[in-house]
Each structure stands twice: as C-alpha cells, then as structure tokens.
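Engineer: Taken in order, these protein sequences are the chains called A and B. Last residue of the first sequence: 99 (the UniProt record's numbering), numbering continuous. Last residue of the second sequence: 506 (the UniProt record's numbering), numbering continuous.
Careful, some of the hints might be misleading.
As the list claims (entries may be wrong) - Beyond 10 angstroms from chain A on every Cβ pair, some chain B residues (computed):
1) E11
2) E20
3) H46
4) D50
5) G51
6) S71
7) E230
8) V251
9) T274
10) A284
11) Q288
12) V404
13) D455
What the hints assert, rightly or not - Label-pair ranges, simulated between beta-carbon atoms:
14) B/S346 - A/Q75: 23 to 31 angstroms
15) B/N345 - A/P51: 44 to 52 angstroms
16) B/R399 - A/R93: 51 to 59 angstroms
17) A/Q75 - B/G377: 40 to 48 angstroms
18) B/G377 - A/F63: 31 to 39 angstroms
19) A/P58 - B/G264: 30 to 38 angstroms
20) B/N100 - A/R93: 22 to 30 angstroms
21) B/D61 - A/V57: 36 to 44 angstroms
22) B/E502 - A/A40: 45 to 53 angstroms
23) B/N100 - A/V62: 28 to 36 angstroms
Please keep in mind that the hints were generated in silico from the structure rather than gathered at the bench. C-beta atoms are modelled at their ideal positions from N, C-alpha and C, and glycine is treated no differently.
Below, each chain spelled out in residue letters.
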Amino acid sequence: MPNISREEVAHLARLARLAVTEDELDKFAGQLDVILQSVASVGEVAAQEIPPTSHAVPLRNVFRADEPRPGLSQQQALAGAPAVEEGRFRVPRILGEEA
Amino acid sequence: MSDLTHSTAAELAAKIHAGEVSSVEVTRAHLDRIGAIDETVHAFLHVDTDGALAAAQRVDDDVAAGRPVASPLAGVPLALKDVFATEGIPTTCGSKILENWIPPYDSTVARKLRDAGVVVLGKTNMDEFAMGSSTENSAYGVTRNPWDLDRIPGGSGGGSSASLAAFQAPLAIGTDTGGSIRQPASVTGTVGVKPTYGGVSRYGLVAFSSSLDQGGPCARTVLDAALLHEVIGGHDPLDSTSIDAPVPPVVAAAREGAAGDLRGLRVGVVREFTGEWYQDGVIAAFDQAVEALRGLGAEVVEVSCPHFDYALPAYYLIAPSECSSNLARFDAMRYGLRVGDENGNSAEQVMALTREAGFGAEVKRRVMVGTYALSSGYYDAYYGQAQKVRTLISRDFERAFGDVDVLVSPTTPTTAFRIGERVDDPVAMYRADLCTIPANLAGTPAMSVPAGLSDDDGLPVGLQVMAPALQEQRMYKVAAAYEAARDKAWGGPLINRVPELEVAAR
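Use the sequences and the hints to build the structure in full.
Structural biologist: In structure tokens:
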C-alpha cells in the first residue's frame, strides 16, 4: 500500500521535529517505504471483532497516599540543563516574529 | 586468565561471604580485565572504578565485622546497561543527545543493586535508546563479539552480553523490548532473561516503548541469572505498571532443574519458527537441544501459534509509535544537547536542529514510522491493526499454555552476523527479533540459554524457553536442566570455548 514520497518524509520530519537534510530525505524515503511495506501485513489478519490490546497487563489506576515527598532540588533539576538563567531553564523564544 | 574473572557469580559470592577472597580483589580483577581488553571489545561506555571499589570495600567491611551480607550477591561485580539512570554516573542510552548527562537520581534497578551490595563496574554500550539488534546504532562506536571480533554481539544490549562473554563481569543487566536481552545472549553464548512485563521496575529506565520495555538479568549460567533476578525483581510503588506480587521462586527452580529431571513436563515446539530465514546450523543445534529435553524426561509436542508470523510487523508498528511519543521529551530544554540556539531561532527550530544532530539514523527512522502510523487516516490501518494482532498473539499463547508447560524455539534465526552486514537494510536487521517479539507483545516471560555451537560457523546458538506470565520458575527449571545436560555432553561449560582475547590485539 504505501509509497512514501520525499515530500511525505519532509512532512513527517516536520511533525517529528527533525531538521533532516536533503540527503536524508532521499535515503529515508526509500527506507520508510520498505519498512512500511513490510509491516502492512498486519492488515491481513485482524478482523473487526478483535478487541485491541494496548498493554500486556490490564491496567487499573494505581493510587498512593496523597502525602508530600521530597523531589529534586532546584539545583538538581537544573544540573543537566543546556542553558540556565536566574535559577531557571533558559529557553529560546516560543513565539514567531509576527506575534 | 584469572580464576576470579572466570568464576560464576554464585562461586564468587560464596568465596567473598566466607572471607576466602575479598570483594575488592574480585572487583580489581574485573577492572583489570576491562582495562586490558576493553579497547578491543568496547563493551563499556563508562567505567566507575572508584564507585566500584568503594562498594566492594563496604561488603568486605560487613564480612570482616561479621555482619550479615546485604544479599546473596553482595560483593559480586556487574555491568549495567547505559539505559538505567544512575545518580552521579553518566547515562547516555548510546545517544549523542544525552552525551555527558549525569542523572540526579537512581533508577530502581540501580538502587536495588546498590542496596544488595552488588558492585556496579560501569555502564555498557547499546544501540541508541535500545533501538537495534547489533549495537551498531550506538553513537559511541560498535561493540565486538568476543567469539569473533568481526561480528556483532547482538543488540540492543550488546555491551552487556559482550562483557559477560569477555569475562569482564560475571553479571549484567539488560532491557528487552523486542529481544534486546535474549538475542545478545544467544549470539554470545550467555544467558539472558526477559521477566514478565512488570516483574522488574521501569522507574528510571529511559523509556523506548513503554508497553514493551522490560529490564532483566544477564549472566553466564542459569543459576546466576536467577540470583540476579531475585535481587532486581519485585513490586515498586514508583512504577505504576509494576506487578504487586512476589517474585517467582526462580533460584529454587534453577537449583531443582540442575538435577536434570524433567519427567512430567510438557514442552511445545513452536511450529512457525522455522523456514527460509533460519540458518541450517541454528536449526540443527535447536533440534539437538529438543532431543536433550526429551532425554531429560520431558514430553515434547509440536504446537502451532498461527499469529506469531504477524508479531514482527505488529511490533515494528507499536514500538515506533510509542517511541515517537516517548522521545518527544528530547526537546533541548531541560537536559541533554541543545543545538542552534542563536540567530533568533525559535524553540521549535532549536528542537528540530537538536534532534537532527543528536539522534542517529535508526532513531529518526523509527520516530518517523511511528509518526506516520499514528497519523489520522493511517491510524486504523497500522496502529489499530497492530493492537489487534497483539490480542491474537496473546490468545495463541493462552491456547498453547493450556496444552504445554513451556514453549521452545531458537532465540534468533542466525548466529552473530558480521559488523556492517545489515546496517543499511533495516528490515533484515529487524528479522533478528523474529522469535523474541511474541513474548514482548504478550508480556510473558522468556529466556535464552546457550544451545551449543552452530556446526556451519562454530558460533553460539540460543535456545529460547517461554513460560506463562509470572511462571518464570518453569523456564528456569527447564533451562537449568538443559544447561546441566549440555555441559555433560560438551565436557564443560560452553562459554569456556570463547577464544582467549589477546591483550590489545587491535
């Protein structure tokens, strides 16, 4: 079924926040196509009435007592940050020029 | 060759606890071995010499003071896969995006190891974020298989498996999302166990595919794996998917199995796991292992699990889908690499530039495949269908385990392949997981135990033993019985046939 074009790879890369190169677009277009062809057979077996399984173990909500417990200190939380300013994470601008 | 590095964990623990040898001596012997050969094997990404010796000293102090030791494995060295967060020790997951990241907390597995007095030697190499079957997807270079340095040690836990086969550590920890403990064990002639999903805490295990990821023990003998299993297993309130039930009695099962009596046990051979992708020598070794089980008194029958053929495609939709979501956390804001934070670039641009620079090709492929499979318009045909296949595979297991006690198959269709052979052919790489994936999809336990050497290339083959959920003791018993029979047939442990590595051979 699939036939992944270069443009579709570029679209997926944008959605996945990957600034892929021109060379990668060529390489990945071919490889994603082969991968998706090889997994398409899942469509052959499972009929409508089969319930989906999202998890191997049936999950219920798991609660704990609502009591505070120590977390990371500010220093610990910031220790691995790529940029820190005034005891906070420094991040690039989040709004466009026009905003 | 040192006796200490060639001993089993059980032997080392007995000697350390009896005061015959110190944990510091044992730890130094393994650190020396790592120092001598890891330039060649490259099993380790980080060696924690000071931390290991300090941990060993604490055990020796307990022994000297006559205090009870912290656990049956206190003082024994271990190699930890670099996907578990370790406070104060770098944790990279084999990725550039986490280069030099030092976690501010311990994973539960790391904490349990420390509490048990197990000596963590360092962190082992792996495919980036555990995505791969050869450890070639590590951003920090390949790991070599001690049986043949031109071949892969399996993946994603190739550093852990190679460290065992190279006698750098008697114990290791891996994680198994689609076979990353069992397949490396198979191709290095070591033992690897994927416990029941939820049997070992995932807290502090960097997530790849959350509904499949499972940590577990690796060792050179079945008993050693069982001892480690009981140290790391059990309920953890910090992991909401952790099973609130006692750890199955795997050590007792391994000891019982070693007596070699499998009478009354029904073993099912999975009919689907043979065919064009399987190496002749692997099938021959597997057939011999099945004969050995019969010789131990087991009743062997053929069992059909018709949907197992669809496990691989279902897995390669579900795992990428979950990884595309899990890896969204690598946004260049709170930890890890940041690239392109200049020229007024936006947070979104910085994130995309960072991920482009920080992720390798296989991670990018899987993130994009997952993004595709979860897109509206494709969701039902791919992700939705894969989830239904998952149901069918669980039903196949249920039906099979209604008839037999354990299922067996080869662990992986081939012996260790050559480095570079499959790097540009993702689908060929994925086939290494053909036999291991069903247990991940169903959440059931499975293990690989060495099953001799392939007669076509002389490399190790693995026997996979699968059991129902929380029935790990069954597979440990079978594996231990088989191991004892195999050692008798081969005139000693298979692992002793690993070629002696020349110091600084390359």
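Engineer: State for each hint whether it applies.
Structural biologist: Status of each hint after checking the structure:
1. No beta-carbon of chain A comes within 10 angstroms of the beta-carbon of B/E11; the shortest separation is about 36 angstroms.
2. Against chain A, the non-interface label of B/E20 holds: every CB pair exceeds 10 angstroms, the least being about 41 angstroms.
3. Remark: the non-interface label on B/H46 is consistent with the geometry, its nearest Cβ contact in chain A lying 16 angstroms away (cut-off 10 angstroms).
4. No beta-carbon of chain A is positioned within 10 angstroms of the beta-carbon of B/D50; the least distance is around 20 angstroms.
5. Under the 10 angstroms C-beta cut-off, the non-interface status given to B/G51 relative to chain A holds; the minimum distance is some 18 angstroms.
6. Here B/S71 stays apart from chain A, with its beta-carbon at least about 26 angstroms from theirs, past the 10 angstroms limit.
7. Once the 10 angstroms rule is applied to beta carbons, B/E230 is consistent with being away from chain A; the minimum gap is 21 angstroms.
8. Remark: the non-interface label on B/V251 is consistent with the geometry, its nearest Cβ contact in chain A lying 24 angstroms away (cut-off 10 angstroms).
9. Against chain A, the non-interface label of B/T274 holds: every CB pair exceeds 10 angstroms, the least being about 19 angstroms.
10. Against the 10 angstroms criterion, B/A284 stays outside the reach of chain A, whose nearest CB is about 28 angstroms from its own CB.
11. Every beta carbon of chain A lies more than 10 angstroms from that of B/Q288, the smallest distance being close to 32 angstroms; the non-interface claim holds.
12. In this structure B/V404 is separated from chain A by more than 10 angstroms, as the shortest Cβ-Cβ distance comes to about 20 angstroms.
13. For B/D455, the condition that its CB be more than 10 angstroms from all CB atoms of chain A holds, with the nearest at approximately 31 angstroms.
14. Here the CB-CB span from B/S346 to A/Q75 is close to 28 angstroms, well matched to the stated 23 to 31 angstroms.
15. Between B/N345 and A/P51 the CB atoms are about 46 angstroms apart, so this pair conforms to the stated range of 44 to 52 angstroms.
16. For B/R399 and A/R93, the Cβ-Cβ distance of about 58 angstroms falls inside the hinted range of 51 to 59 angstroms, so the restraint holds.
17. Look at A/Q75 against B/G377: about 46 angstroms separates their beta carbons, and that is inside 40 to 48 angstroms.
18. Checked against the hint of 31 to 39 angstroms, the pair B/G377 and A/F63 passes, with Cβ atoms roughly 37 angstroms apart.
19. Between A/P58 and B/G264 the Cβ separation comes to about 31 angstroms, which falls inside the hinted range of 30 to 38 angstroms.
20. At roughly 26 angstroms, the beta carbons of B/N100 and A/R93 sit within the given window of 22 to 30 angstroms.
21. At roughly 41 angstroms, the beta carbons of B/D61 and A/V57 sit within the given window of 36 to 44 angstroms.
22. Between B/E502 and A/A40 the beta carbons are some 48 angstroms apart, a value that agrees with the proposed interval 45 to 53 angstroms.
23. As the Cβ distance of B/N100 to A/V62 is approximately 34 angstroms, the hint placing it in 28 to 36 angstroms holds.
Hint violations for this structure: none, all hints satisfied.
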